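*Asks:* So the protein lines, in turn, are chains D and B. Per my numbering, residue 1 is the first one in the first sequence, and the count goes up by one each step. Per my numbering, residue 1 is the first one in the second sequence, and the count goes up by one each step.
These are computed hints drawn from the structure, not numbers from a lab. Treat the hints with caution; some may be incorrect.
Incomplete in silico selection of chain D near chain B, CB under 8 Å [what the hints assert, rightly or not]:
no.: 1; residue: Val-12
no.: 2; residue: Ser-28
no.: 3; residue: Tyr-31
no.: 4; residue: Tyr-48
no.: 5; residue: Ser-94
no.: 6; residue: Val-101
no.: 7; residue: Phe-103
Keep in mind that this is a model prediction, so the values were computed, not measured. Ideal Cβ positions, reconstructed from N, Cα and C, are used throughout, including at glycine.
Now for the letters of each chain:
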Amino acid sequence: EAAVTQSPRNKVTVTGGNVTLSCRQTNSHNYMYWYRQDTGHGLRLIHYSYGAGNLQIGDVPDGYKATRTTQEDFFLLLELASPSQTSLYFCASSGSGTTEVFFGKGTRLTVV
Amino acid sequence: QQQVRQSPQSLTVWEGETTILNCSYEDSTFDYFPWYRQFPGKSPALLIAISLVSNKKEDGRFTIFFNKREKKLSLHITDSQPGDSATYFCAASETGNTRKLIFGLGTTLQVQP
Chain D
1 EAAVTQSPRN KVTVTGGNVT LSCRQTNSHN YMYWYRQDTG HGLRLIHYSY GAGNLQIGDV
61 PDGYKATRTT QEDFFLLLEL ASPSQTSLYF CASSGSGTTE VFFGKGTRLT VV
Chain B
1 QQQVRQSPQS LTVWEGETTI LNCSYEDSTF DYFPWYRQFP GKSPALLIAI SLVSNKKEDG
61 RFTIFFNKRE KKLSLHITDS QPGDSATYFC AASETGNTRK LIFGLGTTLQ VQP
């Protein structure tokens, strides 16, 4: 079973704060993704990567940076958090030999 | 502009009935169409998927029907069970280098016993 681990699982920060969400996969997958899930909007792709050092822009990138430091680790950075970024964030990964995407358990971020 | 559209937004059926969930897409470059299921408080997980080379894909009580000309898919759940109550997401991607997976807004299914 593919493993995608997100940390922290819950985070509260203030408006204007700096937040980093972490994701690690131990499946030797090339592809990693960051999604946000909001009621009425489904799952929206923020950023994704197909290897260490690679970064691709998703559909809702504004206000987010991402960095893929190794094949295993993918980080999502919010440098000036805003209340509109309050959401449930999912990291996911998939391999070259399979099209299935495996999701982490999610990080619930609240910006007050 | 929503690239992957789902209907209905929510649906309630009785146990034993057949549930039909609908999906349509815009982009002709999409060639892979997975359905993900998400139980309350859990992560989405792959349920069943179909590619452009097929018109139909079955897995137990779950079947995808694919109309390529109209760019429409439907997920049929036969003999629906209360344990099927969840949100179902239709998604689409290109299986090339980008692997960008785009989700619809989901259909929330409630199966009443």
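*Asks:* Can you give the numbers of the hints that this structure goes against, from lowest to highest?
*Replies:* Checked against the structure, the hints that fail are numbers 1 and 2, while the rest are satisfied.
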